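Protein chains: 10
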Amino acid sequence: MDAAASRVLLDAKRAKRLTFAELGELIGRDEVWVAALFYGQARADETEAAKLVSVLGLDQALAIALTEFPDKGLGPVVPTDPLIYRFYEIMQVYGMPMKAVIHEKFGDGIMSAIDFSLHIDKEPDPKGDRVKVTMSGKFLAYKKF
Amino acid sequence: MDAAASRVLLDAKRAKRLTFAELGELIGRDEVWVAALFYGQARADETEAAKLVSVLGLDQALAIALTEFPDKGLGPVVPTDPLIYRFYEIMQVYGMPMKAVIHEKFGDGIMSAIDFSLHIDKEPDPKGDRVKVTMSGKFLAYKKF
Amino acid sequence: MDAAASRVLLDAKRAKRLTFAELGELIGRDEVWVAALFYGQARADETEAAKLVSVLGLDQALAIALTEFPDKGLGPVVPTDPLIYRFYEIMQVYGMPMKAVIHEKFGDGIMSAIDFSLHIDKEPDPKGDRVKVTMSGKFLAYKKF
Amino acid sequence: MDAAASRVLLDAKRAKRLTFAELGELIGRDEVWVAALFYGQARADETEAAKLVSVLGLDQALAIALTEFPDKGLGPVVPTDPLIYRFYEIMQVYGMPMKAVIHEKFGDGIMSAIDFSLHIDKEPDPKGDRVKVTMSGKFLAYKKF
Amino acid sequence: MDAAASRVLLDAKRAKRLTFAELGELIGRDEVWVAALFYGQARADETEAAKLVSVLGLDQALAIALTEFPDKGLGPVVPTDPLIYRFYEIMQVYGMPMKAVIHEKFGDGIMSAIDFSLHIDKEPDPKGDRVKVTMSGKFLAYKKF
Amino acid sequence: MDAAASRVLLDAKRAKRLTFAELGELIGRDEVWVAALFYGQARADETEAAKLVSVLGLDQALAIALTEFPDKGLGPVVPTDPLIYRFYEIMQVYGMPMKAVIHEKFGDGIMSAIDFSLHIDKEPDPKGDRVKVTMSGKFLAYKKF
Amino acid sequence: MDAAASRVLLDAKRAKRLTFAELGELIGRDEVWVAALFYGQARADETEAAKLVSVLGLDQALAIALTEFPDKGLGPVVPTDPLIYRFYEIMQVYGMPMKAVIHEKFGDGIMSAIDFSLHIDKEPDPKGDRVKVTMSGKFLAYKKF
Amino acid sequence: MDAAASRVLLDAKRAKRLTFAELGELIGRDEVWVAALFYGQARADETEAAKLVSVLGLDQALAIALTEFPDKGLGPVVPTDPLIYRFYEIMQVYGMPMKAVIHEKFGDGIMSAIDFSLHIDKEPDPKGDRVKVTMSGKFLAYKKF
Amino acid sequence: MDAAASRVLLDAKRAKRLTFAELGELIGRDEVWVAALFYGQARADETEAAKLVSVLGLDQALAIALTEFPDKGLGPVVPTDPLIYRFYEIMQVYGMPMKAVIHEKFGDGIMSAIDFSLHIDKEPDPKGDRVKVTMSGKFLAYKKF
Amino acid sequence: MDAAASRVLLDAKRAKRLTFAELGELIGRDEVWVAALFYGQARADETEAAKLVSVLGLDQALAIALTEFPDKGLGPVVPTDPLIYRFYEIMQVYGMPMKAVIHEKFGDGIMSAIDFSLHIDKEPDPKGDRVKVTMSGKFLAYKKF
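Chains as they are written, first to last, in our numbering: chain A, 1 to 145; chain B, 1 to 145; chain C, 1 to 145; chain D, 1 to 145; chain E, 1 to 145; chain F, 1 to 145; chain G, 1 to 145; chain H, 1 to 145; chain I, 1 to 145; chain J, 1 to 145.
So that you can see chain A by itself, here it is in the shape it has in the complex (with noise of 0.2 Å):
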């Protein structure tokens, strides 16, 4: 899907005052999976697709362009904008420390990010809410041949 049907996605997500939670909800996904699919990174079935044009009250011919299998990967090598640079320190600073506590719990091997989620919830806070991540990844441990 090429950014200008992305486009085309969000202005009538907007237009609709639909939220991507609202979304995810009309096919049984977490609103993170249709924001992925909404900016290319994800690949919906053509049910999904259907319903997802539908309920945007945009041409079907969009569903096909959902149903494609995306080139992912957003954008710069070091991101600028704020908020997605965060989880790049976070990567920089954390990593290594990460890297060493998978490890010893799971031995040499990494996280998979391809059976994988993403959840984002709202954490009250008298101090000021706070944003919580939380990811699930297999564990995929090396293979010795």
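Since the hints were made in silico from the structure, they are not lab data. On a predicted model such as this, the values are computed, not experimentally measured, just so you know. Watch out, some of these pointers could steer you wrong.
Derived DMTMM-like pairs: lysine to aspartate or glutamate, alpha-carbon spacing no greater than 20 Å straight-line [as the list claims (entries may be wrong)]:
hint, chain 1, residue 1, chain 2, residue 2
1, H, 16, D, 46
2, J, 127, G, 129
3, D, 132, D, 121
4, I, 144, H, 71
5, D, 143, G, 25
6, I, 105, J, 125
7, I, 105, J, 25
8, E, 16, J, 68
9, A, 132, B, 30
10, F, 144, J, 121
11, F, 122, E, 115
12, E, 143, A, 115
13, E, 127, I, 125
14, D, 127, C, 115
15, G, 127, J, 125
16, B, 105, C, 46
17, G, 132, H, 30
18, F, 105, E, 22
19, B, 105, A, 123
20, C, 16, C, 59
21, I, 144, J, 129
22, J, 51, J, 30
23, B, 144, C, 121
24, C, 105, D, 25
25, D, 105, C, 129
26, C, 144, A, 125
27, I, 132, J, 123
Assemble the complex: chain A is given as a structure, and chains B, C, D, E, F, G, H, I and J must be docked to it using the hints.
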């Protein structure tokens, strides 16, 4: 704390067969935070530093290194280690979707990577255990001026 | 807000011979914040957007663009424009010294660039006027977890 | 001054429990300038160098290092330390807006980063103390030739 | 395992005139995996490490290095060695075609580089022997969440 | 062949619900080679081009584009698409080990990426199907001169 | 001034067979400064802009473009055009020597690139004419603060 | 000549309180050329080398280093030192204008950076002394073949 | 000459089934030089331009484009096309050896890439034809000043 | 072979006042190939290595270093040494033209940089001697699969 001091700490931990979780219990901190400390990405107070150096059987002079303000950020622009790279990939693939959902839920602002915590848990799963990463950062709204 | 919308706003401002300071007074914001808004680096609320679009004699449809969550970060990795480069140079030359002094005064943490304001004043000086830039960001202490 | 000399100075300062502010008072300079000197980003005259080396209890040979013309610029193209990165982010986000406002107020030219000073103050605030950074640089108008 | 330990292992292998294939037979692993181990890109268990260190006539202390969790990824962003570069070129030239064919055959997902093996064989050919590289990685389907 | 022509070919293939394997059978080539052709990374002769354009129901003018000498190399320095990145990662992690084993088996030289073929097969596996990639490139010995 | 406006100016200059020197005489500026203006690297006042647009037979609307504050800096990080690259090479080869000599002659500071002029002359020479480039920039001494 | 030899020469020059201008007079060369030699960017003949080493009171073995063919090019891709950066900025801002004027005056070709000289003079000026840099390079016309 | 003009020339050449060698004969230039001209890397005089445009059956307006001073340098920092990359690789592998031999034979200086010619010949060889590239550039000795 | 061994070889060659041409005659190789060997870019057999080490009066242990499989590729992404840069520039300026001519003469494929030789000759010329570089590489046609 420089790389040499970091190496000494990690070697002593290995020789004592201590885990980051055990060291964390000793000082009442999460294992990830302790790992961050050992990799020169966090700063201990004098009590914490003294306890850690003591249990590792190291010279108290090292405790001073643990209380320095670290120069943070560990590595190359794009990480090459596969485990760490996956977090870079998550930022590349899910960065814009996370941005969209956080803005939808909180407004214009970011998740703090400073007033922030990160935990790693093992989720047993018959299809293969999963790595669960939980991040919690204060939402910081953009100040209008 | 995309670059085309930004261009329309800047051209209208030029045609109306309005300054950022005048536009700032109109909505009770600093001229730098208004400039940030016009360059797609900040987000107005609906009232602010309507007022600005109106005084510039532009279509209210543009007001919607001003209320989008912007993708922030303007430019190349190292800026080539000499005026902007000087701020990059200040970061290169005075970055570590500022870090040392801020840590000495506040402890381990950072100056927020989100809960943040920036003003520019003209300091008359017989040897040549001076540009005064005043930044004020909340100190965010590193949370231990 | 090379990194080793810088390290010796910083270690001595730490051992003597002296702040940059105290060292600045000693020679009548701002704490930020003294920090710049210690990180090899500024140049002392012989009197200043002698006083500093003396109060730190170091060999006068080090005073020569402090009077060398430094090779300035401290670090990686994009800083990874979060505190320093925020200044890079400010340049990315507010660079064009600052340029627009400075041109509007002063005409075509730049703020000098040479005929320049930088101060850091603590602003007490019930919602959390703030870091105030004040820069003052001479406006340099582009010469037409 | 650091570069110095890697050098010691490779020098001992050379001095003993042992091939990676012979070392692989000793521990029941493929020659490529053993080479990966020697270059600090894989992790042996204690038995494997002890056997290898022993046959190479090296100190058992080196066996510990072989059982560390390695920091993987060897080199520059774009490799300059012509043999290694050809694999970069294959990714540049055939990356999108491989992506298209794998998606066509398997759906949305990737070939794992962790649950993965790689073998190198010599294919005799009258027009010049050929290098045969066989990779086998588990297909990982993108999880919808 | 430019990106627009590539897009037309891929859209026609999709509309006709043809696989690369079916197109490959039509002209007696491997599906990966056909995919390379469609992405502008290989060059067809006139007969091949005519057959493909015909079965896709496209204008014969496109056949000329398929017989141009392509400018090869598809993308960014480090790929961001996860599927393609894994091949970059394999080069980063196994590049030196492959080099060592190829030199051990063949002497000083490289595997050609020109006199080269690449096949992708599906290996059924009860624990999850596997992607098998088989590369075969002529060994080219360094000429001494 | 954008690249399209620049193109129009350069094409008109070519069509009128005017040199930068002749245009410079018209407004009392150096030919290099006029070239900088045409490439969007300098800013004319309204009189200069009107004269130039008039002699080139262009629409007065273009005069507005010439009076904008330009975004300066023309090109890639390392220039590829051989003529421009030689100035990059001079900076690479003679940068440190020039720094040393300027410090020796002037003290700690820089040559301004803003309060600056640059002229190009032809030096006839029997062994081949020479290009003479004369730069003159105000010395700016580092302010101690 | 490596960096260590360069350091020895510069330290000796400092200790003897000699300027590059004085050393230049000794061997009949410009001060910039002597500085280039000391930074390993030029090559002396044996007589020049012997004289310089002698006046600096250094071992004649260093004279050999001064007669080596240097590997030229001093530093990072984009210089961070403000003095040197200004020459990079001049290339960024005035590169295309200089190219246009040189082509207009000389035709298609370049200014040589090899058959080249560079002088630095101090221009007294009541508004502040100026740095004058004069470059002279042979014009090299592109050969048609 | 921009990329569009280049495309028109190459398409016309293809349609007329003319080789660069034939075009070269027409104007008495080498085929490589003519190719350089068509790719916007060289500049024709008016006679050459007129002849070429005429034989290609194109509008004489294109002849003007061929006489512009081109902005040279074609592509990405590291080329991805395999044929062009091999010349980058030759520079990486044989750059220092060539430097050493040229200095040994000629002294301190370079081979000009301006007063330069380049020819490509086919060397028949029973083991496979060879590409012969002959470069001839004037030796330019470093001027001492 | 590491840089230290390379240094020893080059210093011994210098001390013995031997040229690469003389060393080449000793083992029947071209001077460029010998230089490549000395810079760690080629691999000698044992006889060649022994002869070279012997004539240079060095320890036979160095002969082993000369028979290692070198990690090839010498330097920075874009070379800064002017002599080597010119070859990078030739690739930038003439890369596409060479590609076009080679394809026209040979079809789709490349010139090998492995089955390859490179010679450097001095062409006397009254207007200044010329450097002649002759490359000969086997044409490798793209294999269709």
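Subject >> Hints breached by this structure >> reply: Checked against the structure, no hint fails, so every one of them is satisfied.
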